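I would like the entire structure built from these sequences, with the hints used as guidance.
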Amino acid sequence: SQTIHQWPATLVQPVGSPLSLECTVEGTSNPNLYWYRQAAGRGLQLLFYSVGIGQISSEVPQNLSASRPQDRQFILSSKKLLLSDSGFYLCAWSGQGDGNTIYFGEGSWLTVV
Amino acid sequence: AQSVSQHNHHVILSEAASLELGCNYSYGGTVNLFWYVQYPGQHLQLLLKYFSGDPLVKGIKGFEAEFIKSKFSFNLRKPSVQWSDTAEYFCAFSLSGGYNKLIFGAGTRLAVHP
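In order, the protein sequences belong to chains Z and F. Throughout, our numbering is defined as the position within the first sequence, counted from one, plus 329. Throughout, our numbering is defined as the position within the second sequence, counted from one, plus 167.
Quick caveat, the hints were computed from the structure, so don't treat them as lab data. It is possible that some hints are incorrect.
[Stated by the list, open to error] Here are the in silico distance ranges between beta carbons for each label pair:
#	chain 1	residue 1	chain 2	residue 2	range
1	F	Ile179	Z	Ile382	41 to 51 Å
2	F	His280	Z	Thr440	28 to 38 Å
3	F	Gln212	Z	Val389	36 to 46 Å
4	F	Ser237	Z	Gln342	43 to 53 Å
5	F	Asp221	Z	Gln342	13 to 23 Å
6	Z	Ser386	F	Ser247	36 to 46 Å
7	F	Ser170	Z	Ser349	25 to 35 Å
8	Z	Val380	F	His176	32 to 42 Å
9	Z	Ser413	F	Leu223	35 to 45 Å
10	F	Ile179	Z	Thr339	28 to 38 Å
11	F	Ser170	Z	Gln391	30 to 40 Å
12	F	Gly220	Z	Val380	23 to 33 Å
13	F	Ala168	Z	Glu355	33 to 43 Å
Since the model is a prediction, treat every value here as computed from it, not as a measurement. The beta-carbon is built from N, C-alpha and C at its ideal position, and this holds for glycine as well.
Structure follows, in structure tokens:
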């Protein structure tokens with residue numbers, strides 16, 4: 330069966346420090362991969378999605394970037410964190426093609442201080 | 168702009184009460200519709216989904232949702248809630264042919280009292 334893991338689960342980082350959140354998917358190949366951010370009272374906002382290695386699409390302008398160095402690995406990064414980057418980040422995957430269910434990871438709490 | 172509106176931000180019910188959570192989406196084309204649930208301390212899980220066919224969709228744990236295209240709505244219902252249904256519920260849609268990019272509503276927090 331397919332599984333998705335992301336880490337770290339919680340992270341406290343000072344303003345201006347770098348960020349790296351990692352996500353891996355097991356049990357499937359060539360998945361679509363996503364990074365979402367969940368803000369209280371605002372639902373989930375899609376940040377990035379990827380349909381293949383090295384293919385990243387950004388949905389909103391921001392201080393973050395994403396990379397997909399391997400088929401089942403998706404990384405969310407920042408060179409210099411801002412206070413406004415604090416939030417709950419979710420990695421997700423789906424099969425290729427339209428209409429597939431999206432499956433979410435456990436999430437990562439990021440607090441920028 | 169494409170968006171999802173969930174009308175109730177917080178709902179409080181007693182056990183055995185009926186539940187209906189409203190959801191409306193803004194998009195004129197063909198969509199896929201979803202309800203996700205997040206139980207306390209757990210990750211987001213799919214509750215049910217609609218892609219095509221019968222507009223009345225049945226999901227897990229006795230939940231169902233009805234797609235009414237003319238109203239751009241996809242309301243979630245359950246005839247009798249349980250304490251274990253306490254969770255946050257998210258409505259979402261994706262565009263057909265749109266790489267499964269989900270657009271979420273703000274969520275509804277449901278608290279069920281015994």
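Structure-based check of all given hints:
1. Ile179(F) with Ile382(Z): 41 to 51 Å: Cβ of Ile179(F) to Cβ of Ile382(Z): about 47 Å, so the range 41 to 51 Å holds.
2. His280(F) with Thr440(Z): 28 to 38 Å: Cβ of His280(F) to Cβ of Thr440(Z): about 32 Å, so the range 28 to 38 Å holds.
3. Gln212(F) with Val389(Z): 36 to 46 Å: At roughly 25 Å between Cβ atoms, Val389(Z) and Gln212(F) fall outside 36 to 46 Å, so the hint is violated.
4. Ser237(F) with Gln342(Z): 43 to 53 Å: For Gln342(Z) against Ser237(F), whose Cβ atoms are near 48 Å apart, the range 43 to 53 Å holds.
5. Asp221(F) with Gln342(Z): 13 to 23 Å: violated, 48 Å
6. Ser386(Z) with Ser247(F): 36 to 46 Å: holds, 43 Å
7. Ser170(F) with Ser349(Z): 25 to 35 Å: holds, 31 Å
8. Val380(Z) with His176(F): 32 to 42 Å: Check passed, 34 Å falls within 32 to 42 Å.
9. Ser413(Z) with Leu223(F): 35 to 45 Å: holds, 42 Å
10. Ile179(F) with Thr339(Z): 28 to 38 Å: holds, 29 Å
11. Ser170(F) with Gln391(Z): 30 to 40 Å: violated, 19 Å
12. Gly220(F) with Val380(Z): 23 to 33 Å: holds, 27 Å
13. Ala168(F) with Glu355(Z): 33 to 43 Å: For Ala168(F) and Glu355(Z) the Cβ distance comes to about 36 Å; the hint holds.
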